[in-house]
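Sequences and hints are given; from them, build the entire structure.
There are 2 protein chains.
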Amino acid sequence: MPEDWGTYRAVGTNKRLLGVIGVATLVLGVAIGLVIGGGGGGGGGGGAGGDLGAIAQARGLTPEDQAHALEQFVPGGKYDEYIMFASGGQSGQVFVIGMPSMRILKMIAVFTPEPWQGYGYGADWGDSILAKGSPPGEDLTWGDTHHPALSETGGDYDGRWLYINDRANGRMAMIDLRDFRTKQILAVPNISTSHGGMFVTPNSEYVHVSSKFPEPWPAGSYADLSQYQEKYRGASAWLKIDPNTGQIDLQNSFEIELPPYSQDLADAGKNGSYGWGFIGSFNTEMATGGINEGGQPLEAGASRNNFDYLHAINWQKAEQVVKAGKYEVMNGIKVIRLQTAIDEGLIYLIPEPKSPHGIDVSPDGDYLVVGGKLDPHVTIYSFKKVQQAIANKDFEGKDPFGINILKFDSVVAGQVEVGAGPLHTQFDSQGHGYTSLFLESAVAKFTLGEDVVKTGEKPFTLVDKIPVHYNIGHLAITEGDTVSPDDKYLVALNKWSIDRYAPVGPLHPQNFQLIDLKNGKGPMEMIADMPIGVGEPHYVQIIKADKLKAWEVYPAGTDALTMQKSQYATELGQERVERRGNTVEVWGTAIRSHFNPDVIRVKQGDRVILHITNAEQTRDATHGFAISNYNVQASLEPGETANFDFVADKAGAFNFYCTEFCSALHLEMSGWLLVEPAAAAAAAP
Amino acid sequence: MPEDWGTYRAVGTNKRLLGVIGVATLVLGVAIGLVIGGGGGGGGGGGAGGDLGAIAQARGLTPEDQAHALEQFVPGGKYDEYIMFASGGQSGQVFVIGMPSMRILKMIAVFTPEPWQGYGYGADWGDSILAKGSPPGEDLTWGDTHHPALSETGGDYDGRWLYINDRANGRMAMIDLRDFRTKQILAVPNISTSHGGMFVTPNSEYVHVSSKFPEPWPAGSYADLSQYQEKYRGASAWLKIDPNTGQIDLQNSFEIELPPYSQDLADAGKNGSYGWGFIGSFNTEMATGGINEGGQPLEAGASRNNFDYLHAINWQKAEQVVKAGKYEVMNGIKVIRLQTAIDEGLIYLIPEPKSPHGIDVSPDGDYLVVGGKLDPHVTIYSFKKVQQAIANKDFEGKDPFGINILKFDSVVAGQVEVGAGPLHTQFDSQGHGYTSLFLESAVAKFTLGEDVVKTGEKPFTLVDKIPVHYNIGHLAITEGDTVSPDDKYLVALNKWSIDRYAPVGPLHPQNFQLIDLKNGKGPMEMIADMPIGVGEPHYVQIIKADKLKAWEVYPAGTDALTMQKSQYATELGQERVERRGNTVEVWGTAIRSHFNPDVIRVKQGDRVILHITNAEQTRDATHGFAISNYNVQASLEPGETANFDFVADKAGAFNFYCTEFCSALHLEMSGWLLVEPAAAAAAAP
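In the order they appear, the protein sequences are chains Y and Z.
FYI, the numbering for the first sequence is 32 to 716, going by our numbering.
FYI, the numbering for the second sequence is 32 to 716, going by our numbering.
Incorrect hints may have been included.
Identical copies look the same in the list; a pair holds intra-copy or inter-copy alike.
[Unchecked claim] Below, in silico cross-link-like pairs of lysine-lysine (DSBU-like), each with a Cα-Cα straight-line distance of 30 angstroms or less:
| no. | residue 1 | residue 2 |
| --- | --- | --- |
| 1 | Lys-354 | Lys-496 |
| 2 | Lys-575 | Lys-262 |
| 3 | Lys-578 | Lys-348 |
| 4 | Lys-596 | Lys-109 |
| 5 | Lys-109 | Lys-357 |
| 6 | Lys-489 | Lys-271 |
| 7 | Lys-681 | Lys-365 |
| 8 | Lys-109 | Lys-496 |
| 9 | Lys-365 | Lys-354 |
| 10 | Lys-262 | Lys-681 |
| 11 | Lys-634 | Lys-262 |
| 12 | Lys-634 | Lys-578 |
| 13 | Lys-519 | Lys-109 |
| 14 | Lys-485 | Lys-415 |
| 15 | Lys-348 | Lys-438 |
| 16 | Lys-109 | Lys-549 |
| 17 | Lys-489 | Lys-163 |
| 18 | Lys-552 | Lys-365 |
| 19 | Lys-424 | Lys-549 |
| 20 | Lys-163 | Lys-681 |
| 21 | Lys-438 | Lys-416 |
| 22 | Lys-552 | Lys-163 |
Hints are computed from structural coordinates only; laboratory data are not their basis.
And the structure:
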């Protein structure tokens, strides 16, 4: 074998020798030879800029296609103008998507363990959040994320926190938008399923979560379906946001008991209706299905009535009722019982036609728009009329639980025939509403009342419609749920993609479609399709990208749970291993391209406590930490200190390694967990 | 409350009443009002086709940007030309990405439970695969997917199966490309970590997996690191593919014992080198780190030698050796011991400079291209020369384990100085190699030997280079690992994105970059960036989309595990519930918009067995099945029968529901699992 590697350069045709790159240099590996350039151009050849027509012809692009390409494309290195936070549905996660490019920038692990982020695979950050986030006695490892809600200040998104509910298990989670990591999961007491009842109040006073299906009350008790009306109850939960951490302060939260209807979509009052919340409902019939027991399918039983009830709740007044002590504590939360809520004027019902689904409040706060799945109209209520009707006691009766029902005629401002299957509505700043039409697969644009229409169009009139592909559920406008929507883009969240993408098996992607709103003034224009094959998103909120102030690295030794310096933060050169009885505790570091310590010797059955600090402060210099066959995997961001605590129950020589491609010698960034067998030690002669 | 909902149409300005859409119609809900259109255009307004310049100006696009937009954009409803299968790194999954649009079409759950697909959340498909896929006594719930390998026929991708290895735990998985679902996870015996050693042989005879770090042999024994050279061993596993199912037939598989080096990237011989496999290695120094014990960091200790060894293995000859019975069975697999492999001429070593990483075989099979991380050249070996050297016994000695080492001079065809940190090489059909340069953040294009260069360029010469952003690991060309690459696109798999995207917290997306290869004849051109924020992909393979023949629905009553009709398939009207002692067994169906049965009554502690058939045969008509607070979630594709088996250990009224937005009355598609408390029954007076 050759002794001098350099001499072998004589072989081949390129003989000039740059020289071997020194190992020592690479051991530190800090950005050697890193080319940081601008723009996405570059490359070896002259751009085809002068010959766009030829490219379009070669690729079969029509003039319209070409326009759409130019409207969507974000050149390499340029940033997207908006960031969309999409619920991930049954994936249990949240997706962060750039707009208009519609590129997925990140998946945020929320309710489901996720090893890329090291969430729920041995590091205390994820393990502790997931453990605390299960109801007592349960061990939930997924969720069904439905309705993301960004924190707000003065009714505008402020870019601090994101909340999301778990439709499957009645939980909610809080994500810190400094590091885009989940910081809290809360099993909301007395609620076991929640659908669309999530919103944040305009100054982030509360996150609201309501129940989807009622459950026997108090939570945890049992009652047969035959006692549905008597024993089952829903709840409207007002979860207090800690203004410093964004986490939920259960002590200062409260619930309002609700009838056993299916409370559905909800929205916060704003501007004129500030201090109120609105919750749609269906199944005021209180049907319970039972096809196999001679009953009617729920979808028929729950659709018998022509009207269900929009619940209008005065949360500011409810705060005072709680302050006055008129509550019971049930499963750790203050609960205003339904009779108290009625007596104190906290809750009113408004008839809403026909199998209602979406309820959305206009930016000025006056218009409450309801879509009824089986009604071709949207029904538009005026909050001013609601206030008057309450003041005048303009009731048409009470529901079976004694709640006053406002007279429909007294509170409706208008109805617009939009098409088949209207679900959800968003708004622009020009006085338009945009409603998704599930059955018609379209988005309808209509005008609100004349006091807010800025375009000279006739009020309460359908003014535009655009087909979508296909079966649209929610839709969202840039900054859409705020008091000041941006009128730039609308995203149609279509549930079926059918013929839009090459087949990838019987489970198909859903289809997000990007629509140009032309500043709210022209007809809508469809720009592009985006497949969603990573979950079944239900809803999104879209924020101006420059409102987000994400951290690029952590300050040295940060604990991601507290965002403070960890008591276990370890500096380079301060690494150590301590053994105390059957416990081995390690204070370690990670830096390109090694862990220290890189050999950890324990005995089978020992408790192993690891503290590992990523000693990097360079953006992107993440190190992973995985132990082979021990189901341990963490992502250690620059500056982060993570902690692990496990029993070394399997004997053997287990390689641990960095799971992020961190440096040229990344593959060498590994070490050994040596677990000496208990039996061998005992059996030694 | 109004009795006649229709009369309320008098309110508002749009008074024409389409009429209420009948509930009965919606109960079946089959594609009512579904608009199936072509193209992505449509919309309310005239396209901006005539005014491309104005759009470009408004969006700040340079002429070069505009060209790139047109080169990447795939209009709505048009299909991507190529499909890329990307490993998902520590996510444990595989990503399916369309090209050139770079849109994620699907995530395929492989090693990590994933609830959107209902993989590992109570349905037998995922639960059984994950359970069988853990080594004995372990319960692994993640993997580190590294190197996808598509099945091949005649050296070309055939679109049938996809294989992927688990770097963390020495496992591999098989995905069926009829339904894009994982069908097998295998814990490869005697291997506990594997990195780049995965490839499929040209006629899908074998999947090859080799060890990354050696482990004490036989697997499961214990040896201290002080016995590394003596007791630790690697392995090259040749896993036999069942030609009908694509699954691994362990009985007809074999392994070859390897020295305790770190075997690394690998590739199959093809055409001229068919029947052989090639595995790079590093750490032939057999360093074991131990910084905290006074040792040298592994990245230094493993980089001392100027050469490590490329392992050349004759698998066709090895088959004969196995047939002749010259093996030992170890942990359920036939193992050719190292001495036998040497004696039988199955293995030779070839010196490869300096901390080698990639090894890639050219389409004709003759050129073996090695990138050394610490060497600015690629070294190009000729397989013809390798054969001659073996025939001539042109050895320069033996390694410490007695393996013959071929003389470097005798086997090298050329070296090309490409730049800093060369890792991996891909090929086009014009006689070029394309090598990723990690340290330089670039892709270098060079010529191979004159017998394959079709462009008139000088052989073994650097001909083009393009910067990438940043720290490129692998790269891949369309149909790149076949005997006939398409010279259309190259994807740079960059590990750091740095300034390319808006910050989304300290864990940043990686950056895939799409490069136009100009049919292999012009300079490379950078087209677009794609963020990857869902895992840390390592490698991809890219197949022509029309080679995939995915199923759009399952035949009625299909079991996804067997792809055959399930014995539990249930037709509409044949639903039933049986109780046998403490077991309740349910044969149920799902169809828009209900489950049948929709009320299931059990007692706490009962075993519950559910068989649910999705009775749909319409594309996209997936139903989910989740039980609140029971951690059960499945995705039932049209035609699929899934099975669940659990103990109802928690009492209460648990809502179950469809988790896919399937129809207008999807929210009503739910039922109740009533678990009567054992205590209540016992305690009743």
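Hints, one by one, checked against the model:
{"no.": "1", "hint": "Lys-354 - Lys-496", "verdict": "neither (48 angstroms within a copy, 71 angstroms between copies)"}
{"no.": "2", "hint": "Lys-575 - Lys-262", "verdict": "neither (46 angstroms within a copy, 59 angstroms between copies)"}
{"no.": "3", "hint": "Lys-578 - Lys-348", "verdict": "neither (32 angstroms within a copy, 64 angstroms between copies)"}
{"no.": "4", "hint": "Lys-596 - Lys-109", "verdict": "neither (34 angstroms within a copy, 51 angstroms between copies)"}
{"no.": "5", "hint": "Lys-109 - Lys-357", "verdict": "neither (55 angstroms within a copy, 61 angstroms between copies)"}
{"no.": "6", "hint": "Lys-489 - Lys-271", "verdict": "neither (41 angstroms within a copy, 72 angstroms between copies)"}
{"no.": "7", "hint": "Lys-681 - Lys-365", "verdict": "between (47 angstroms within a copy, 25 angstroms between copies)"}
{"no.": "8", "hint": "Lys-109 - Lys-496", "verdict": "between (32 angstroms within a copy, 23 angstroms between copies)"}
{"no.": "9", "hint": "Lys-365 - Lys-354", "verdict": "within (11 angstroms within a copy, 75 angstroms between copies)"}
{"no.": "10", "hint": "Lys-262 - Lys-681", "verdict": "between (50 angstroms within a copy, 19 angstroms between copies)"}
{"no.": "11", "hint": "Lys-634 - Lys-262", "verdict": "between (55 angstroms within a copy, 20 angstroms between copies)"}
{"no.": "12", "hint": "Lys-634 - Lys-578", "verdict": "neither (51 angstroms within a copy, 53 angstroms between copies)"}
{"no.": "13", "hint": "Lys-519 - Lys-109", "verdict": "both (18 angstroms within a copy, 25 angstroms between copies)"}
{"no.": "14", "hint": "Lys-485 - Lys-415", "verdict": "within (20 angstroms within a copy, 78 angstroms between copies)"}
{"no.": "15", "hint": "Lys-348 - Lys-438", "verdict": "within (22 angstroms within a copy, 88 angstroms between copies)"}
{"no.": "16", "hint": "Lys-109 - Lys-549", "verdict": "both (22 angstroms within a copy, 25 angstroms between copies)"}
{"no.": "17", "hint": "Lys-489 - Lys-163", "verdict": "neither (53 angstroms within a copy, 66 angstroms between copies)"}
{"no.": "18", "hint": "Lys-552 - Lys-365", "verdict": "neither (47 angstroms within a copy, 73 angstroms between copies)"}
{"no.": "19", "hint": "Lys-424 - Lys-549", "verdict": "neither (44 angstroms within a copy, 75 angstroms between copies)"}
{"no.": "20", "hint": "Lys-163 - Lys-681", "verdict": "both (27 angstroms within a copy, 19 angstroms between copies)"}
{"no.": "21", "hint": "Lys-438 - Lys-416", "verdict": "within (10 angstroms within a copy, 93 angstroms between copies)"}
{"no.": "22", "hint": "Lys-552 - Lys-163", "verdict": "neither (49 angstroms within a copy, 59 angstroms between copies)"}
Checked against the numbered hints listed earlier, the structure breaks hints 1, 2, 3, 4, 5, 6, 12, 17, 18, 19 and 22; every other hint is satisfied.
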